[in-house]
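Chains as they are written, first to last, in my numbering: chain A, 1 to 492; chain B, 493 to 588.
Because the hints were derived from the structure by calculation, they are not lab data.
A hint or two may mislead.
Stated by the list, open to error - For each label pair, taking beta carbons as the anchor points, the in silico distance ranges come out as:
no.: 1; chain 1: A; residue 1: R231; chain 2: B; residue 2: V586; range: 32 to 42 Å
no.: 2; chain 1: B; residue 1: I582; chain 2: A; residue 2: K56; range: 33 to 43 Å
no.: 3; chain 1: B; residue 1: A566; chain 2: A; residue 2: K42; range: 37 to 47 Å
no.: 4; chain 1: B; residue 1: D558; chain 2: A; residue 2: A274; range: 50 to 60 Å
no.: 5; chain 1: A; residue 1: E266; chain 2: B; residue 2: A566; range: 50 to 60 Å
no.: 6; chain 1: A; residue 1: E409; chain 2: B; residue 2: T517; range: 22 to 32 Å
no.: 7; chain 1: A; residue 1: E52; chain 2: B; residue 2: T513; range: 20 to 30 Å
no.: 8; chain 1: A; residue 1: K333; chain 2: B; residue 2: N578; range: 20 to 30 Å
no.: 9; chain 1: A; residue 1: K56; chain 2: B; residue 2: K522; range: 49 to 59 Å
no.: 10; chain 1: A; residue 1: R231; chain 2: B; residue 2: E532; range: 16 to 26 Å
no.: 11; chain 1: B; residue 1: D500; chain 2: A; residue 2: A318; range: 39 to 49 Å
To be verified - DSS-like cross-link-like pairs, simulated, lysine-lysine; straight-line CA separation at most 30 Å:
no.: 12; chain 1: A; residue 1: K273; chain 2: B; residue 2: K529
no.: 13; chain 1: A; residue 1: K42; chain 2: A; residue 2: K406
no.: 14; chain 1: A; residue 1: K250; chain 2: A; residue 2: K261
no.: 15; chain 1: B; residue 1: K529; chain 2: A; residue 2: K376
no.: 16; chain 1: B; residue 1: K533; chain 2: A; residue 2: K376
no.: 17; chain 1: A; residue 1: K391; chain 2: A; residue 2: K281
no.: 18; chain 1: B; residue 1: K533; chain 2: A; residue 2: K333
no.: 19; chain 1: B; residue 1: K585; chain 2: A; residue 2: K261
no.: 20; chain 1: A; residue 1: K406; chain 2: A; residue 2: K387
no.: 21; chain 1: A; residue 1: K387; chain 2: A; residue 2: K250
no.: 22; chain 1: A; residue 1: K376; chain 2: B; residue 2: K522
no.: 23; chain 1: A; residue 1: K376; chain 2: A; residue 2: K391
no.: 24; chain 1: A; residue 1: K387; chain 2: B; residue 2: K522
no.: 25; chain 1: B; residue 1: K585; chain 2: A; residue 2: K273
no.: 26; chain 1: B; residue 1: K533; chain 2: A; residue 2: K135
What you are looking at is a predicted structure, and each value in this text was computed from that prediction instead of being measured.
Note that beta-carbon positions come from the ideal geometry of N, C-alpha and C, so glycine has one too.
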Amino acid sequence: MTGTDLPALNIADLQSLLRRREVSAGEVIDALRARIEDVDGKIGAYLSLNFEAAAKEAEVANVDLPLGGVPIAIKDIISIAGEPCTCASKILHGYRAPYDATVIQKLRAAGAIPFGKTNMDEFAMGSSTENSAMKLTRNPWDLSRVPGGSSGGSAAAVAADEAFGTLGTETGGSIRQPAALSGVVGLKPTYGRVSRFGVVAFASSLDQVGPLTKTVRDSALIMNAIAGHDRQETTSLDDPVPDYTARLGKDLSGVRLGLPKEYVIEGTDPQVKAAINAAVKHMNSLGAEIVDVSLPHTDYAVAVYYILATAEASANLARFDGVRYGYRAANPKDLLDHYGRTRDEGFGLEVKRRIILGTYVLSSGYYDAYYLRAQKVRELIRQDFAKAFEKVEALISPTSPVPAFKFGERTADPLQMYLADIFTSPANLAGICGISVPCGFADVDGQRLPIGLQLLGKALDEARILQIAHAYEQTTDWHKARPPIAAIRQNV
Amino acid sequence: MAKTSDLDVAYVARLARLNLTDAETELFQKQLGDVLKYAEKLTEVDVSHVEPAAHALPIFNVFREDTPRDWFTAEQALSNAPRQANGLFIVTKVVE
């Protein structure tokens, strides 16, 4: 194993080398740094890097800890003490986080080394990472296409071997969808399972932190480190944390998988449909029983999601006022001018669009019609899932109706971009867990574009969907396929 | 449900403390009109016997002992301030 090959490893294989003392944590950091210097000019996954701090941590790394000596990249919405936390927004330009988020403390306690911050849609609002105020992130499978979003930098970094694993965040699909479009694994944990303390809030009743990795096992390893109760957060669940690797390798006999009939929708790419149908057959051949189920309120999920998420965002983003941190407009003539220009100049178009929508649906006279009604339909969506999970252990569907699209293809019509969340946002509304795993490729204009298979599990049943995803992954070769950029190997 | 034509982006922007440009106001008026029109489908659902879900967890009140702990120093709290002096945030003049 030479330094140039190291970044291609998954976390579990890297750990074996580290623990056998065949490589040192310092050599891993050097190899990763070289890899990022070679390819990130083409991909654009990172917003900031701190290899000096990472090298120092590597010197004292205890490789026998659960993630000892493993570098992990972090979406730029999660606070690392002393590092920038821009949320890919001009309004947080120059800001440095004064403390570590709980997930960073937990990663450090497990021996992991946070070393860089990844690009994203501004304040996690978007499905393509095109809403970043900083830079474009390109899909490693086709540089003319988006990596998905909002955790697009976290997904692209893993796909391009610029990270062994990353943290992303989800509000309506922002881990699973970029994982699908970039050909990696992405897990959205149950609402409340992973602490958001130190994570910049977008929509507080929906946000969750989760891993993006090369394999299902790696996601389980990161979950073992980051899941658990946090007294700093009132919505944190105080349930015991299982070993998320415990079920990996168990077969699928006796597992019932539900096919929601409402998830067969017009507008799903035929190649995506074919790949999911093949995956369902494959699951069946592995011993899973396939059961038809119904989630009758699916068609309302995107409308509910955009009313609730924007309402919560409009309140959460009120804190960006140019007083205590971040950007402040020059020479305001009075307080209203200070607020109005700071926020107009500091926020990008999509963020402003959502603040306006969220403010409107909460405003006097419209609250009942939009916000309250949406909360009630949310309850019906939650009940749909509860009923389905009486019959099955997990639900199976595409993660995204389409593979990666071209830059600019969907930016002109926000509603069309929002509708792409149809398969992912219901899980956030219901607070359940979900995972996306690679399940094939679409051939589009001579390019191979990854397709993601989604498995949804009931609340706190992450170990179960990891088991099913792992059984699928280990009996297929999709996760072994590497994007063209993986072939670029220069000397360390 | 309210008519989508009720949306007045310029008025809402003032509530949200956003000085939008005329071009942004016009763009959002059209785009958010489309989104609200799409959201009208929620009127099809009978919600007369449904309790609203604020979030998906069976968590209500969370209490802990009110005990002091170490937290930011004033210096740390001010470290990101756009303007500061004498240990204070300098803000735009509020009173005449």
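Hints, verified against the model:
1. A/R231 to B/V586: 32 to 42 Å: holds, 36 Å
2. B/I582 to A/K56: 33 to 43 Å: holds, 36 Å
3. B/A566 to A/K42: 37 to 47 Å: holds, 45 Å
4. B/D558 to A/A274: 50 to 60 Å: holds, 59 Å
5. A/E266 to B/A566: 50 to 60 Å: holds, 58 Å
6. A/E409 to B/T517: 22 to 32 Å: holds, 26 Å
7. A/E52 to B/T513: 20 to 30 Å: Given about 42 Å between the Cβ atoms, the range is violated.
8. A/K333 to B/N578: 20 to 30 Å: holds, 24 Å
9. A/K56 to B/K522: 49 to 59 Å: holds, 53 Å
10. A/R231 to B/E532: 16 to 26 Å: Violated - the Cβ-Cβ distance for A/R231 and B/E532, about 43 Å, lies outside 16 to 26 Å.
11. B/D500 to A/A318: 39 to 49 Å: violated, 20 Å
12. A/K273 to B/K529: holds, 29 Å
13. A/K42 to A/K406: holds, 16 Å
14. A/K250 to A/K261: holds, 28 Å
15. B/K529 to A/K376: holds, 19 Å
16. B/K533 to A/K376: holds, 14 Å
17. A/K391 to A/K281: Within the cut-off at roughly 19 Å; holds.
18. B/K533 to A/K333: violated, 44 Å
19. B/K585 to A/K261: violated, 59 Å
20. A/K406 to A/K387: violated, 38 Å
21. A/K387 to A/K250: Status holds; Cα separation ~26 Å.
22. A/K376 to B/K522: OK: A/K376 and B/K522 at ~27 Å, within 30 Å.
23. A/K376 to A/K391: holds, 24 Å
24. A/K387 to B/K522: violated, 39 Å
25. B/K585 to A/K273: violated, 60 Å
26. B/K533 to A/K135: violated, 36 Å
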